[in-house]
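S.K.: Assemble the whole structure, with the sequences as input and the hints as a guide.
2 protein chains.
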Amino acid sequence: MAIIVQKYGGSSVANAGKIRNVARRIADCFDKGNQVVTVVSAMGDTTDELLELAAQVNQDPEPREMDLLLSTGEIVSSTLLAMALHATGYKAIALTGPQAGISTDSSFSRARITGIEPKRILRELDKGNIVIVAGFQGLNSDNDITTLGRGGSDTTAVALAASLKAKVCEIYTDVEGVYTADPRLVPGAVKLDEIGYEEMLEMATSGARVMHHRAVELGQIYNIPILVASSMIDKPGTLIHGGKDMEVRNKVRGIAHDMDVAKITITGVPDRPGIAASIFTPLAKAGISVDTIVQNASSNNITDLTFTVVKSDLTSAMKIIKPVAKKIKARECISDSGLGKVSIIGTGMQNAPGYAARMFETLYNQGINILLITTSEIRITCIIKESEVEKAVRALHKAFKLDKAA
Amino acid sequence: MAIIVQKYGGSSVANAGKIRNVARRIADCFDKGNQVVTVVSAMGDTTDELLELAAQVNQDPEPREMDLLLSTGEIVSSTLLAMALHATGYKAIALTGPQAGISTDSSFSRARITGIEPKRILRELDKGNIVIVAGFQGLNSDNDITTLGRGGSDTTAVALAASLKAKVCEIYTDVEGVYTADPRLVPGAVKLDEIGYEEMLEMATSGARVMHHRAVELGQIYNIPILVASSMIDKPGTLIHGGKDMEVRNKVRGIAHDMDVAKITITGVPDRPGIAASIFTPLAKAGISVDTIVQNASSNNITDLTFTVVKSDLTSAMKIIKPVAKKIKARECISDSGLGKVSIIGTGMQNAPGYAARMFETLYNQGINILLITTSEIRITCIIKESEVEKAVRALHKAFKLDKAA
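Order-wise, the sequence lines are chains A and B.
Residue numbers for the first sequence follow our numbering, beginning at 6 and rising by one.
Residue numbers for the second sequence follow our numbering, beginning at 6 and rising by one.
Everything labelled a hint here was simulated from the structure, so no lab data went into it.
Keep in mind the model is a prediction, meaning the values are calculated, not measured.
Warning: the hint list may mix true and false statements.
A pair counts as met if it fits within one copy or between any two copies, since identical chains are not told apart.
[Unchecked claim] In silico DMTMM-like links for lysine to aspartate or glutamate, alpha-carbon gap of 25 Å or less: (1) K132 x D147; (2) K23 x E67; (3) K23 x D50; (4) K324 x D341; (5) K290 x D65; (6) K327 x D265; (7) K132 x D65; (8) K170 x E122; (9) K124 x D110; (10) K132 x E67; (11) K23 x D53; (12) K403 x E199; (13) K96 x E57; (14) K96 x E67; (15) K23 x D65; (16) K124 x D147; (17) K96 x D147; (18) K23 x E54; (19) K96 x D110; (20) K96 x D65; (21) K132 x D110; (22) K172 x E222; (23) K124 x E67.
M.R.: As structure tokens, this is what we get:
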């Protein structure tokens, strides 16, 4: 019998009616002869409500207690889902992350899974149970509850699929799959039937909200096919996998965008070894993620350094960077928060010239100024004004003929 | 340094303001040089809200999933309380029941504590932490979460106090202590400064709502002094203990009452061995607690058997008893749900005649008819009409001069 791991997000289990609907979908999968392990997020706004409660007693709560608090949200939804399955005559059991054997490191609020001991899950499957696992959580070596941070339940699902050697990991969400661009921005956006791990990773890190990149990375490492599909309607969705034909497709697969970009430029930076570390180490220590980093060619051993952060981190990043800039005798710090980024993504792009040129030309024709450019093997990203992102995505989608994709 | 265990009930932590208030009280106890372990119940109506959620997906949920669901309520309040302590500069750590080392049997929804491994708590106390423990829950030998049922957090507190060899277990609640009678019924009721374990046990099982009898039992077994006091105002409360002078007090200490009484009488029961078992075994299997049982003297090997249950169990008890009555060839089953009970309680009563007589006389003078009488070493209970309970409590309180007690 094949094991299938499913994951349902918070909006799919937001109330009793939706939980009953998810129970029906799980039962259907079980009735087809599969062993089913379902990972579930907290119901709808539960996590926000718990955060609000915490803020009422402490503006800056300890991460350990916060993780223990937040972990209750997924326990509630997992037990309700098991109860809904019982009500329709199915055998099911709800397990917390620790009961499911999920071990993590001790980085509260953004813990990494360090191992999975699937004994209990396998025993319950053998008893004929559908196993419902509370997502987003695990246990560290001190016997404390941790949470996995953004996209945590997706990561739980893919990690369980890997450890259980599941046939597929199905991520059910409020979109129908992975699109060539955000359908809210581009009416002609097309759902992809399949996409490679690498491409999906670039989509995820470039702003596509469908899945968190950590889960995709795990899928790639353990070669677990991941199906992204709607939890509401029965349509095929998008299969993320590592099939051979991926390598040579030689084609732009999608346009990703992100409106949440702020930029900091330090001008007149003395160009000597150790300077980059002196700037980025304090940011890392403060838990601020830096996205794009660009350093201009140095002239007279003086250079300009530009990097981007999410908008909500801009104020604290500037507070950290200003004294550092003074100390290293840089000229000044300039910030700009009204930015966005747009990326074209596809394997094989590096071997086929002309993609970058077509991208820049398309933006130029729209009168869009490019502020920063970065590239990877399968991605080209331009930082532009936030107000021009929508126009850029539409123009690029058309220029690369993605309305004819699939 | 002395260890003090405190317990706060759900109404004491019903919102952020009340949680901050409890944090202040805990901090005060810590500042006096004590090591403090605090057990906390779920916030206000949390448990009812979770029960309502469960009912929306399953009218008859599995106890295992129900316990896992309900256990989240105490985790939420314990983490918030730890966060509130952090906010005022105190070191504190929230522990779930399992993290606190509480093992139970597997009777979901009414589990018994089978052992406590206090290593983690002691380690945290040694680090200078105030330890906040989620009440009402433990872990069975299958690594599943259980809940302790009614009065569970009181039981957690007393059991922890025993295992930690605490100086005292302080139960903070919405009343100021143990009274000679319910102050809502008897305006002249007096708060007792102290009471013996036995007396408190009889008060608890006879309807006084201050503390659950399981917690009192545990306190007695391990000889842990239990202080019952208000969580809102600073007043001394009532100390439950086993001091020597308890034995010879020879005095009625309090009047307890209970409005939640229903009675079932089986008439014409053939009086032969095994009959009682055939009646009460099916009730026990259905989880129905039988309180008072009275069997009249047999004549011609035919007897009448009367017992009481809580009102909410009457319908299901009758459903079980009717076919049994038929099978054993009893005459009929009669039920009456409009009943209550009133008890006088005090050590030494059995050695001092006249208490029972004075009780019956007092009720007679009020025109109250006694339907059933039961006695223990330190208690006399009369089942009467529910509508007459209030009048009976007031008259007995006066007759035994309890308004002059303390």
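S.K.: State whether the alpha carbon distance between K96 and D110 is at most 25 Å within one copy, between copies, both, or neither.
M.R.: Intra 33 Å, inter 23 Å, cutoff 25 Å: inter-copy only.
S.K.: 25 Å Cα cut-off: does K96 pair with D65 within a copy, between copies, both or neither?
M.R.: between (42 Å within a copy, 14 Å between copies)
S.K.: Using 25 Å as the alpha carbon limit, work out where K23 and E67 are close: within a copy, between copies, both or neither.
M.R.: Cα proximity of K23 and E67: across copies only (20 Å, versus 33 Å in one copy).
S.K.: For K23 and D53, with the copy left unspecified, which applies at a CA distance of at most 25 Å: within, between, both, or neither?
M.R.: Close inside one copy (19 Å) and across copies (21 Å); limit 25 Å.
S.K.: Within, between, both or neither: how does the pair K403, E199 come out at a Cα-Cα threshold of 25 Å?
M.R.: within (20 Å within a copy, 84 Å between copies)
S.K.: With 25 Å as the alpha-carbon cut-off, assign the pair K327 and D265 to within, between, both or neither.
M.R.: within (22 Å within a copy, 70 Å between copies)
S.K.: From the Cα coordinates, with 25 Å as the cut-off, is the pair K170 and E122 best called within, between, both, or neither?
M.R.: within (13 Å within a copy, 37 Å between copies)
S.K.: Measure nothing new, just compare the shortest in-copy and cross-copy C-alpha distances for K124 and E67 to 25 Å and report within, between, both or neither.
M.R.: Classified as between; 23 Å across copies, 32 Å inside a copy.
S.K.: Cα distance capped at 25 Å. Does K132 pair with D110 within a copy, between copies, both, or neither?
M.R.: between (31 Å within a copy, 22 Å between copies)
S.K.: Between the shortest in-copy and the shortest cross-copy C-alpha distance, which are at most 25 Å for K23 and E54: within, between, both, or neither?
M.R.: This pair counts as both: shortest intra-copy Cα distance 19 Å, inter-copy 18 Å.
S.K.: Reference check for the pair K124 and D110, CA-CA at most 25 Å: within, between, both, or neither?
M.R.: Answer is both: 20 Å inside a copy and 22 Å across each meet the 25 Å cutoff.
S.K.: At most 25 Å between C-alpha atoms: does K132 with D147 qualify within a copy, between copies, both, or neither?
M.R.: between (31 Å within a copy, 15 Å between copies)
The structure shown violates none of the earlier numbered hints.
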